[in-house]
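Engineer: So you can see what is in the structure, the chains are spelled out below.
Protein chains: 4
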Amino acid sequence: MASYWGKHIHISIFGQSHSTAIGVTIDGLPAGESIDLDALSFFLKRRAPGNSSFSTPRKEADFPEFLCGMVNDITCGAPLTAMIHNTNTRSQDYSKLKDCPRPAHADYTAHMKYRGYQDVAGGGHFSGRLTAPLCIAGGICLQILSRYGIEIGAHIASVGSVFDTPFSPLGETEDTFAQLKSSSFPVMDEKTGTDMKAVIETARNQGDSVGGVVECMAMGLPVGLGNPMFEGLESRLASMLFSIPAVKGVEFGAGFESATLFGSQNNDPFYLDGSTVRTRTNHSGGILGGISNGMPLLLRAAFKPTPSISKEQQSISLSQQKNIPLNIVGRHDPCIVPRAVPVVEAAVAIVLLDALLDRNTDQINKTN
Amino acid sequence: MASYWGKHIHISIFGQSHSTAIGVTIDGLPAGESIDLDALSFFLKRRAPGNSSFSTPRKEADFPEFLCGMVNDITCGAPLTAMIHNTNTRSQDYSKLKDCPRPAHADYTAHMKYRGYQDVAGGGHFSGRLTAPLCIAGGICLQILSRYGIEIGAHIASVGSVFDTPFSPLGETEDTFAQLKSSSFPVMDEKTGTDMKAVIETARNQGDSVGGVVECMAMGLPVGLGNPMFEGLESRLASMLFSIPAVKGVEFGAGFESATLFGSQNNDPFYLDGSTVRTRTNHSGGILGGISNGMPLLLRAAFKPTPSISKEQQSISLSQQKNIPLNIVGRHDPCIVPRAVPVVEAAVAIVLLDALLDRNTDQINKTN
Amino acid sequence: MASYWGKHIHISIFGQSHSTAIGVTIDGLPAGESIDLDALSFFLKRRAPGNSSFSTPRKEADFPEFLCGMVNDITCGAPLTAMIHNTNTRSQDYSKLKDCPRPAHADYTAHMKYRGYQDVAGGGHFSGRLTAPLCIAGGICLQILSRYGIEIGAHIASVGSVFDTPFSPLGETEDTFAQLKSSSFPVMDEKTGTDMKAVIETARNQGDSVGGVVECMAMGLPVGLGNPMFEGLESRLASMLFSIPAVKGVEFGAGFESATLFGSQNNDPFYLDGSTVRTRTNHSGGILGGISNGMPLLLRAAFKPTPSISKEQQSISLSQQKNIPLNIVGRHDPCIVPRAVPVVEAAVAIVLLDALLDRNTDQINKTN
Amino acid sequence: MASYWGKHIHISIFGQSHSTAIGVTIDGLPAGESIDLDALSFFLKRRAPGNSSFSTPRKEADFPEFLCGMVNDITCGAPLTAMIHNTNTRSQDYSKLKDCPRPAHADYTAHMKYRGYQDVAGGGHFSGRLTAPLCIAGGICLQILSRYGIEIGAHIASVGSVFDTPFSPLGETEDTFAQLKSSSFPVMDEKTGTDMKAVIETARNQGDSVGGVVECMAMGLPVGLGNPMFEGLESRLASMLFSIPAVKGVEFGAGFESATLFGSQNNDPFYLDGSTVRTRTNHSGGILGGISNGMPLLLRAAFKPTPSISKEQQSISLSQQKNIPLNIVGRHDPCIVPRAVPVVEAAVAIVLLDALLDRNTDQINKTN
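Protein chains in written order, with our numbering: chain Y, 1 to 368; chain D, 1 to 368; chain E, 1 to 368; chain W, 1 to 368.
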């Protein structure tokens with residue numbers, strides 16, 4: 001088990017889908033940063049279910065309780081812990097679920113790893129609900145980064161085989177980011193959005209689900225975030241992004257496409273824009289040698305379709321040791337991608353704030 | 001700087017392209033494991049340059065010197081350090097290179113991060129040459145894993161737009177792995193290999209380079225490797241793979257393709273094969289909830305084209321603060337993908353041995 | 001800030017003296033361990049204030065709320081979080097305290113580190129109250145260790161200049177440990193205890209405080225816990241013990257006394273007790289080369305006197321930049337040593353459970 | 001095994017007493033720091049054996065070879081690796097030693113932990129010789145710290161029952177530090193030094209050894225180094241100091257003595273010295289709440305007597321499972337304390353440089 005992450009911004013996530021509460025402790029936030037709780041609430045609502053017909057109707061408690069780490073909504077240097085109480089917990093009988101692992105879920109691997117002692121209710125600690133505390137941590141980091149000129153935006157890059165207009169690798173405007181953040185279905189091209197919704201509606205009607213891709217960009221990064229080798233920005237970001245349930249692929253800049261290119265196509269030429277060093281293209285996604293180069297950071301994360309579907313599936317009975325069909329009841333997100341957009345923003349924000357603080361250790365700075 | 005990685009198998013990589021030596025310290029190898037130095041030598045040669053016309057003709061010293069960590073070629077529990085001396089170091093004048101960063105290299109970001117103090121010769125610590133110590137560590141891990149029934153194989157999945165036959169997600173034979181390991185240009189389909197070589201030859205003749213993808217599979221993994229969230233197998237593997245220079249994308253199982261699928265297509269049905277739980281398809285790539293499920297582990301890493309090309313490129317003079325053209329002299333790999341194949345195997349082996357040891361901590365096992 | 005610790009048993013402590021709540025998340029507890037909440041409650045009461053006239057009369061809420069990590073009081077593999085609500089928080093005016101740092105407290109260093117944003121109320125995150133979550137974590141570890149044959153006991157070794165009979169380095173009986181655990185003033189020699197209480201009473205009556213030493217022993221340890229160098233048992237234990245507020249010295253076995261001895265006096269001769277290897281003396285405190293040797297683990301931690309005293313002290317006004325006298329009002333523990341006994345036990349238990357799991361990684365153990 | 005340490009200054013130590021080489025990789029040194037190799041050589045000679053009649057006559061190769069991490073003796077940001085070749089390695093028959101563990105050495109615990117695969121020659125990885133790479137790392141840190149106004153000094157505080165004049169807790173002069181560093185037997189009071197030498201000579205003549213204490217002080221520290229709880233300065237320093245072979249006790253400021261004091265005696269009153277906040281006494285040793293307060297850092301480490309003595313001792317035969325007498329041949333340091341003085345300085349320097357860099361992460365500092 002390692003539900004903690006980070007060198008400077010150290011987050012420790014706790015909770016199961018149906019435990020008394022879920023939450024996060026963030027250790028290492030600089031003291032003196034005010035947190036706008038209304039803005040945070042707005043951010044968390046973007047991830048919350050039930051915002052539209054495209055997500056599960058389950059209602060989550062709206063807002064976390066802050067247990068410590070702030071004085072008058074200003075960080076005090078001590079670890080900050082936020083908690084969300086779970087309601088209606090553990091009311092069902094989960095013995096069936098325990099015996100018959102759901103395909104593409106963690107039921108079977110958890111059963112083997114924890115020898116039957118895992119919390120099966122609602123997926124336990126593996127539930128997508130645990131992205132809520134990640135969003136609390138990330139939402140706070142987003143506010144702090146913004147204060148230092150770093151803005152993060154994301155959109156639904158694809159649902160199934162419907163692809164949105166991608167971000168311009170050379171950067172997007174603040175207006176574009178603001179518009180995406182205000183939308184419950186953030187896309188660059190509204191027409192595409194309509195097509196995506198149709199695909200999701202079709203999946204829902206067939207008791208099925210569908211996957212998609214989230215594209216994310218960070219602008220205003222200084223040069224020098226990240227390190228060579230194992231703490232390169234790509235390594236850190238990928239490590240965080242693959243922690244989000246259902247992510248099966250991560251790429252930076254031109255990503256997998258760059259593998260099809262010639263060097264003369266893929267290399268980004270340098271030029272001077274006044275005294276600022278920039279590149280004319282941005283196939284690197286703003287990262288060279290694991291280190292930010294001042295151009296926009298660009299990445300994409302691929303989400304598999306929601307594993308929970310109503311269609312009958314084939315599985316096994318662990319107790320009877322035989323193959324059996326499985327019918328999952330209840331309603332589930334036919335596509336988690338819209339709700340995953342703020343989760344990706346949050347994940348990226350945590351990594352970037354950690355990297356921003358890490359850069360401070362490149363030099364000695366002693367003043368008594 | 002963080003050129004170290006790992007919780008149980010802790011590797012610390014050192015050296016610059018033209019420093020006296022490069023090498024690696026591996027801390028945490030279990031005592032009592034014999035290391036076959038001939039087999040290791042054979043493995044390292046797969047990465048070494050000059051093996052074929054498809055790589056740079058620079059000759060590397062063939063074999064590392066082992067400084068400590070073994071007694072009679074058997075691990076003794078103490079950290080194992082291996083070193084490769086660099087020859088012909090620092091003979092040139094690198095002042096030009098220092099002033100004019102090469103596109104798609106780390107020259108510029110290193111210059112900014114280390115304020116001009118970085119070692120520019122041959123790319124310094126950012127050089128692809130530093131994958132040699134990674135291969136020493138990984139080659140040792142591969143031997144140990146094999147002893148416990150875990151085999152890792154990889155091939156060139158694509159070069160430019162030429163695609164090899166992919167691995168069967170349900171597993172490959174040991175023969176196939178053995179054949180790939182014995183080849184200087186490991187592909188599943190020889191005809192495809194011929195086409196790939198033609199693409200590389202074209203790139204070379206044009207003073208250009210080309211990218212590609214490496215696909216890697218691990219067979220024989222027990223159920224239960226990895227953890228939920230931040231130490232999930234995908235997070236650990238991606239963190240390691242993105243540490244390899246030029247990797248810009250990583251995906252597991254169906255990866256980005258799974259984002260285009262419906263749940264009913266992507267979910268892998270469980271069934272019993274005797275008393276063994278297996279899945280009928282393997283879109284998950286052998287990982288559910290960050291934890292191995294016993295099916296083959298399958299991943300792909302996308303490599304951008306070698307940044308060093310002979311064609312004239314646009315860059316800047318840092319001292320004169322103006323745009324200037326850049327012509328890189330010397331010969332370089334027109335395609336690093338063939339040599340990257342064992343590097344990916346090595347990277348995966350390190351992570352899996354670390355995860356195998358980590359699984360031991362799931363239970364208390366006290367015997368006096 | 002780093003209020004987290006551990007490699008396998010990873011604890012993350014949160015809260016300030018007067019925040020909404022304090023607590024701890026424990027990540028890495030093996031699944032399937034039942035937790036006896038009554039026994040835990042009894043253990044926590046040993047640390048709680050107000051148990052006797054020798055501690056501060058402030059009443060703490062008796063028992064933590066468990067937010068997650070257990071199903072039916074059995075660990076489920078997910079992080080376990082326990083929380084204690086603070087009552088009557090933030091009711092006072094702390095502006096005076098903020099301006100005038102208390103001698104021997106962290107007020108001044110916190111003020112400088114957090115630039116005035118620290119939570120001053122009750123000492124904030126530096127409060128001794130934060131040893132309550134440490135005891136929750138440690139109390140759970142103690143239960144698990146006991147199940148595997150490892151018992152930890154501790155007593156008040158000294159208060160001021162009154163010294164209790166030390167533990168026999170070769171081991172104590174379970175009865176002795178049980179008796180110490182049941183006492184609100186745990187000493188080996190009741191007569192000495194009476195003298196200690198008199199010293200504390202004198203300190204209290206003079207508005208003063210007094211320091212002391214806690215001696216702790218762990219029995220039943222297997223050989224092989226710990227590692228050479230930086231993860232030696234002594235290093236890990238000391239790192240944890242010095243995290244307890246007021247600890248200013250730590251020693252193992254003969255400790256500082258061993259510095260006065262000759263080798264022929266200090267070396268512990270080996271002998272065979274049946275097939276068990278033992279030593280005739282135990283100056284090493286059960287640790288050789290950072291690794292447990294199977295003899296009782298023995299250590300002592302020195303606690304400075306409680307910094308809060310009623311007697312007038314000299315301090316400064318930070319705002320007025322001048323020297324001023326300081327009178328601390330309120331009642332405080334005249335001696336924290338009695339309450340520190342279970343805290344030391346808890347600290348030692350966490351480190352030993354971590355080390356017990358770590359030992360599992362010495363060998364590969366693969367079974368599918 | 002964990003022979004690595006550190007968050008920002010990450011050291012990884014390798015080698016066994018009789019392996020091909022021993023050494024250290026230091027990852028995280030800021031780029032641009034020039035290293036005075038002559039000064040480093042002088043520092044390493046203070047630890048080297050054979051400097052006087054008070055240490056073992058074995059001659060060590062004088063100076064490390066630097067493999068990487070510097071360009072023209074200036075750090076370049078890449079990991080710095082230094083190596084010392086061992087000469088005359090593995091020439092003897094160590095089978096006897098393997099069978100009969102030496103009292104107070106790590107022979108037995110290593111045998112059990114590594115199941116007989118450990119390198120027994122000369123103590124393997126547990127040898128005091130491994131403090132040489134620690135001194136390389138520390139010697140470099142000392143040079144850098146000095147450049148930023150932080151000076152570290154140490155002396156032999158006691159040998160057996162002979163006690164040197166202690167450091168003044170309020171600070172020593174640079175002259176005093178310089179004098180101590182230039183002496184092969186660093187004491188404050190020469191007369192005491194003569195008495196100590198007599199004790200050592202007596203031990204040697206009797207085939208015995210004797211322990212002692214090293215006292216160390218760091219001056220010029222800024223306020224704010226360290227953190228509350230588990231990364232407090234005391235925790236970090238103790239974790240490092242207990243990694244030095246033979247250390248059995250560590251205390252800060254008044255240490256164990258403070259446990260005998262009343263609060264009114266132990267509390268250090270604050271006062272203003274111009275605009276500088278100071279304390280009138282320094283029982284805290286310069287650390288409050290785990291954080292430096294700007295006063296001199298003061299600590300003591302207790303070293304047990306060298307375990308290797310010529311006098312016959314009692315041990316066991318592991319193969320024959322019986323008690324046998326043991327006679328250790330060869331010459332050994334009758335007292336390691338004089339040579340331990342620079343080792344303690346080195347250890348403290350590494351921790352303090354790490355803490356100095358860590359303090360940079362207390363605030364965000366973004367400049368593009």
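Hints were generated in silico from the structure; no laboratory data involved. Do not take every clue at face value.
Any copy, or any two copies together, can satisfy a pair, since identical chains are not distinguished.
Said to hold, decoys possible - Listed next, the in silico DMTMM-like pairs over lysine to aspartate or glutamate satisfying Cα-Cα at most 20 Å (straight line):
#, residue 1, residue 2
1, Lys322, Glu172
2, Lys96, Glu312
3, Lys96, Asp175
4, Lys322, Asp195
5, Lys191, Asp36
6, Lys45, Asp195
7, Lys181, Glu201
8, Lys311, Glu201
9, Lys322, Glu174
10, Lys191, Asp73
11, Lys98, Asp73
12, Lys96, Glu201
13, Lys96, Asp195
14, Lys322, Glu151
15, Lys322, Asp189
16, Lys98, Glu151
17, Lys197, Glu312
18, Lys322, Asp273
19, Lys311, Asp195
20, Lys98, Glu257
21, Lys197, Asp175
Engineer: For every hint, state whether the structure bears it out.
Structural biologist: Consistency of the hints with the structure:
1. Lys322 with Glu172: neither (54 Å within a copy, 26 Å between copies)
2. Lys96 with Glu312: within (15 Å within a copy, 66 Å between copies)
3. Lys96 with Asp175: neither (49 Å within a copy, 42 Å between copies)
4. Lys322 with Asp195: Cα proximity of Lys322 and Asp195: none, with 42 Å in one copy and 47 Å across.
5. Lys191 with Asp36: neither (34 Å within a copy, 59 Å between copies)
6. Lys45 with Asp195: neither (24 Å within a copy, 52 Å between copies)
7. Lys181 with Glu201: Neither, since 23 Å and 48 Å both go past 20 Å.
8. Lys311 with Glu201: Answer is within; shortest intra-copy Cα gap is 15 Å, inter-copy 51 Å.
9. Lys322 with Glu174: neither (56 Å within a copy, 30 Å between copies)
10. Lys191 with Asp73: The answer is neither: 41 Å in one copy and 52 Å across copies each exceed 20 Å.
11. Lys98 with Asp73: Result: close only across copies, 18 Å inter versus 42 Å intra.
12. Lys96 with Glu201: Neither. Shortest intra-copy (29 Å) and inter-copy (59 Å) distances fail the 20 Å Cα cut-off.
13. Lys96 with Asp195: Answer is neither; intra-copy 38 Å and inter-copy 53 Å both fail.
14. Lys322 with Glu151: neither (53 Å within a copy, 29 Å between copies)
15. Lys322 with Asp189: neither (49 Å within a copy, 38 Å between copies)
16. Lys98 with Glu151: neither (43 Å within a copy, 32 Å between copies)
17. Lys197 with Glu312: For Lys197 and Glu312, neither the intra-copy (24 Å) nor the inter-copy (47 Å) Cα distance is at most 20 Å.
18. Lys322 with Asp273: between (67 Å within a copy, 10 Å between copies)
19. Lys311 with Asp195: Neither, since 23 Å and 43 Å both go past 20 Å.
20. Lys98 with Glu257: neither (42 Å within a copy, 30 Å between copies)
21. Lys197 with Asp175: neither (24 Å within a copy, 47 Å between copies)
Hint violations for this structure: numbers 1, 3, 4, 5, 6, 7, 9, 10, 12, 13, 14, 15, 16, 17, 19, 20 and 21, all remaining hints satisfied.
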